[in-house]
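**Q** If you want the building blocks of each chain, they are given just below.
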Amino acid sequence: MAVRDDRRSSEKKKSDDLQIVNVENLQNNMKSIYLSRTFLSIIGGVVAGIWGFTGLMGFVFYFAVMAVASVGFAAKAKFSPGAYFDSWNRIVFDGFLGGLMSFVLFWTFAYDLVHIF
Amino acid sequence: MAEDLVLDTAIRDWVLIPLSVVMVLIGVLRYFVSKLMRSSQLPDAKALKEGQVIIRARNLKSGANFIPSKSFRARRVYFTNEENGLLYVPKDQAQNAQAQMFSDPNMAMDMMKKNLSMLIPQSLTFAWVNFFFSGFVAAKIPFPLTQRFRAMLQNGIDLSTVDVSYVSSRSWYFLNLFGLRGLFSLILGEENAMDDTQRMMQMGGFGFDAARSLAVEKDSLDIIQHDWALPKMEQRAEEVLRKLLR
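So the sequence lines, in the order shown, correspond to chains E and P.
Using my numbering, the letters of the first sequence correspond one by one to residues 25 to 141.
Using my numbering, the letters of the second sequence correspond one by one to residues 8 to 253.
Next comes chain E alone, as it looks inside the complex:
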């Protein structure tokens, strides 16, 4: 993740809460979040399939993984996402449902390979 340069961050503390965000860095950060979420949803799908979750349990697992990912992103941003994003929503909610399709696919795949046949 790219940090804004120092001059700007010190500026922000003094001036009355003016949002100054470098758009390119913001997009880069959002992209890395999107990729991590996709990766996690695929891995989570495989894990859920191997552990043999069925029904609601699998979706609960997906949301648990995504929630953990959100906490992880917040920790990575040192709990001050203002330095990396323009709002908390970017970390907590963005792309929450985006990986669901991949998750279902890999969940089904792994579950079938391990448990059905």
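By construction, these hints were calculated from the structure, which means they are not laboratory data.
Treat each hint with caution, since some may be false.
In silico SDA-like pairs for lysine to any residue, Cα to Cα no more than 20 Å straight-line [unchecked claim]: (1) Lys55(E) with Gly92(P); (2) Lys68(P) with Asp229(P); (3) Lys147(P) with Leu137(E); (4) Lys53(P) with Gly92(P); (5) Lys55(E) with Ile194(P).
Since the structure of chain E is already known, use the hints to place chain P on it.
**A** Chain P in isolation, oriented as in the chain E frame:
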């Protein structure tokens, strides 16, 4: 729920796994083919210039509050005055540019190529799946669904007694088609085929509307309320420097 079906392991070895692997490989192949076919024509100098002007105007708009109002006004005049401002496009010239764009056959050709490279592999794969794997119950979704999904998930087997969570091979193909998008964005980088078409559409729209987007930028520059964000910057800088000296 009804009693479980027993699926042959041969279905797993010869239908489920090959189908998924082939879908992934075809996605990769399509990416590289479309990369090869992307013609690298020289960008039109005028269009490029207009695009750069628009970007500069946007930069000015977003950074307006960080320069003194006098400098801002000078820049605004530079962009928007009615005689030789960069964003000002005479009426007849705008018309001309649009007509020129329409008559350019290269753009239509490019779009055609893109569409074909999307469409051909997809229909070929679908035909292939239909031919080899029609009528298999290939997989079982690990969560229950209502009867509504029968048409979607059991495309190709006409048995109303089978539990809905069993998936036919043809529907497994569709599931793959939608679900693998995330995987592709991981292994091929951001710019996979889906994003490509979107970007192409944007580019096309951009080319057609160059005159109009110039006018839009001009209007939004005109109505900006300038409000300098750093009026006491010099004093603050002096403070900081003095503190450093001490």
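**Q** None of the hints should be skipped; say for each whether it holds.
**A** Right, here's what the structure says about each hint:
With a CA separation close to 37 Å, the supplied pair Lys55(E) and Gly92(P) exceeds the 20 Å bound. Straight-line distance between C-alpha atoms of Lys68(P) and Asp229(P) comes to about 10 Å, which keeps the hinted pair within the 20 Å bound. Restraint check for Lys147(P) and Leu137(E): the C-alpha separation of about 10 Å stays at or below 20 Å, so the hint holds. The straight-line distance between the Cα atoms of Lys53(P) and Gly92(P) is roughly 16 Å, inside the 20 Å bound, and the hint therefore holds.
For the proposed pair Lys55(E) and Ile194(P), the alpha carbon gap of about 14 Å is at most 20 Å, so the pair holds.
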